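Peer 1: Chain by chain, the residues run as shown.
There are 2 protein chains.
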Amino acid sequence: MPTDLERSMESLITVFHRYADKEGNSNTLSRRELRQLIESELPTFLKSQKDPATVDKIMKDLDANGDGEVSFEEFVSLVVGLSIACEQCYQLHKKGKK
Amino acid sequence: MPTDLERSMESLITVFHRYADKEGNSNTLSRRELRQLIESELPTFLKSQKDPATVDKIMKDLDANGDGEVSFEEFVSLVVGLSIACEQCYQLHKKGKK
Chain A
1 MPTDLERSME SLITVFHRYA DKEGNSNTLS RRELRQLIES ELPTFLKSQK DPATVDKIMK
61 DLDANGDGEV SFEEFVSLVV GLSIACEQCY QLHKKGKK
Chain B
1 MPTDLERSME SLITVFHRYA DKEGNSNTLS RRELRQLIES ELPTFLKSQK DPATVDKIMK
61 DLDANGDGEV SFEEFVSLVV GLSIACEQCY QLHKKGKK
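Going down the list, the sequences are from chains A and B. Read in full-length UniProt numbering, the first sequence has 51 at position 51, and its numbers run on one by one without any break. Read in full-length UniProt numbering, the second sequence has 6 at position 6, and its numbers run on one by one without any break.
Treat the hints with caution; some may be incorrect.
Same chains, same label: a pair holds when it works inside one copy or across any pair of copies.
As the list claims (entries may be wrong) - Straight-line distance between alpha carbons at most 20 Å, and here's what the computed PhoX-like set of lysine-lysine pairs gives:
| id | residue 1 | residue 2 |
| --- | --- | --- |
| 1 | Lys47 | Lys57 |
| 2 | Lys22 | Lys50 |
| 3 | Lys95 | Lys22 |
| 4 | Lys60 | Lys95 |
| 5 | Lys22 | Lys94 |
| 6 | Lys60 | Lys50 |
| 7 | Lys94 | Lys60 |
| 8 | Lys94 | Lys47 |
| 9 | Lys95 | Lys47 |
| 10 | Lys50 | Lys94 |
| 11 | Lys57 | Lys94 |
If you're looking for bench data, these hints aren't it; they were derived computationally from the structure. The structure displayed is predicted, hence computed values, not measured ones.
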């Protein structure tokens with residue numbers, strides 16, 4: 001039985017490949033695949049940005065090597081940024097409860 | 001209903017705090033808390049290392065600011081490294097199936 005942390009890491013991989021496998025190189029996200037991933041998997045985050053250019057900005061940030069594609073390593077940096085931001089909210093929420 | 005990716009990020013936070021909240025600063029992992037987290041949440045990985053000093057080496061790697069504690073941001077870099085390694089195995093496995 002996988003642990004919570006193992007399942008969480010596995011889920012990062014399966015979610016990435018759910019979209020990366022759709023077209024072209026199955027190991028990278030094209031701009032369209034990244035848009036589909038963000039719209040489907042991060043709807044709350046996307047709505048909170050209120051900026052139609054959010055996906056394009058994220059693409060620019062993530063595509064560190066500028067090849068127009070997002071690798072799993074580049075994708076994980078998005079997850080890290082969002083998780084760190086969420087964890088800070090978690091800490092504030094915890095303080096609020098004391 | 002949270003998406004798979006949202007649930008995965010949430011799980012990273014809850015797993016971290018399941019151990020960080022045990023003693024001392026509830027926003028960081030002490031060496032003991034890190035050991036407990038790795039032994040419980042990453043047993044397969046730990047067994048594969050076959051090195052009793054694995055946890056101490058990980059602590060040294062993660063504790064970027066040398067304060068003897070591991071913050072969530074430092075912890076996430078462990079998750080990133082392991083996820084990237086696992087994803088490369090996933091790619092090889094996928095190639096093997098073609």
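Peer 1: Is the C-alpha distance from Lys95 to Lys22 at most 20 Å within one copy, between copies, in both cases, or in neither?
Peer 2: between (43 Å within a copy, 16 Å between copies)
Peer 1: From the Cα coordinates, with 20 Å as the cut-off, is the pair Lys57 and Lys94 best called within, between, both, or neither?
Peer 2: neither (32 Å within a copy, 31 Å between copies)
Peer 1: Are the CA atoms of Lys94 and Lys60 at most 20 Å apart within a copy, between copies, both, or neither?
Peer 2: neither (34 Å within a copy, 28 Å between copies)
Peer 1: Between copies, within a copy, both or neither: which fits Lys50 and Lys94 at Cα up to 20 Å?
Peer 2: Close neither inside one copy (27 Å) nor across copies (38 Å); limit 20 Å.
Peer 1: 20 Å Cα cut-off: does Lys95 pair with Lys47 within a copy, between copies, both or neither?
Peer 2: neither (26 Å within a copy, 37 Å between copies)
Peer 1: Within a copy, between copies, both or neither: which one fits Lys22 and Lys94 at a CA-CA cutoff of 20 Å?
Peer 2: Intra 40 Å, inter 14 Å, cutoff 20 Å: inter-copy only.
Peer 1: At most 20 Å between alpha carbons: which applies to Lys60 and Lys50, within, between, both or neither?
Peer 2: within (18 Å within a copy, 41 Å between copies)
Peer 1: Between Lys94 and Lys47, at a C-alpha cutoff of 20 Å, which is it: within one copy, between copies, both, or neither?
Peer 2: neither (25 Å within a copy, 34 Å between copies)
Peer 1: Using 20 Å as the alpha-carbon threshold, which applies to Lys60 and Lys95: within, between, both, or neither?
Peer 2: Intra 35 Å, inter 29 Å, cutoff 20 Å: neither.
Peer 1: When Cα atoms must be at most 20 Å apart, do Lys22 and Lys50 count as within-copy, between-copy, both, or neither?
Peer 2: neither (27 Å within a copy, 39 Å between copies)
Peer 1: Given a CA cutoff of 20 Å, do Lys47 and Lys57 count as a within-copy pair, a between-copy pair, both, or neither?
Peer 2: Within one copy only: 15 Å inside a chain, 41 Å across chains, cut-off 20 Å.
Against the hints set out earlier in the document, violations occur for numbers 2, 4, 7, 8, 9, 10 and 11.
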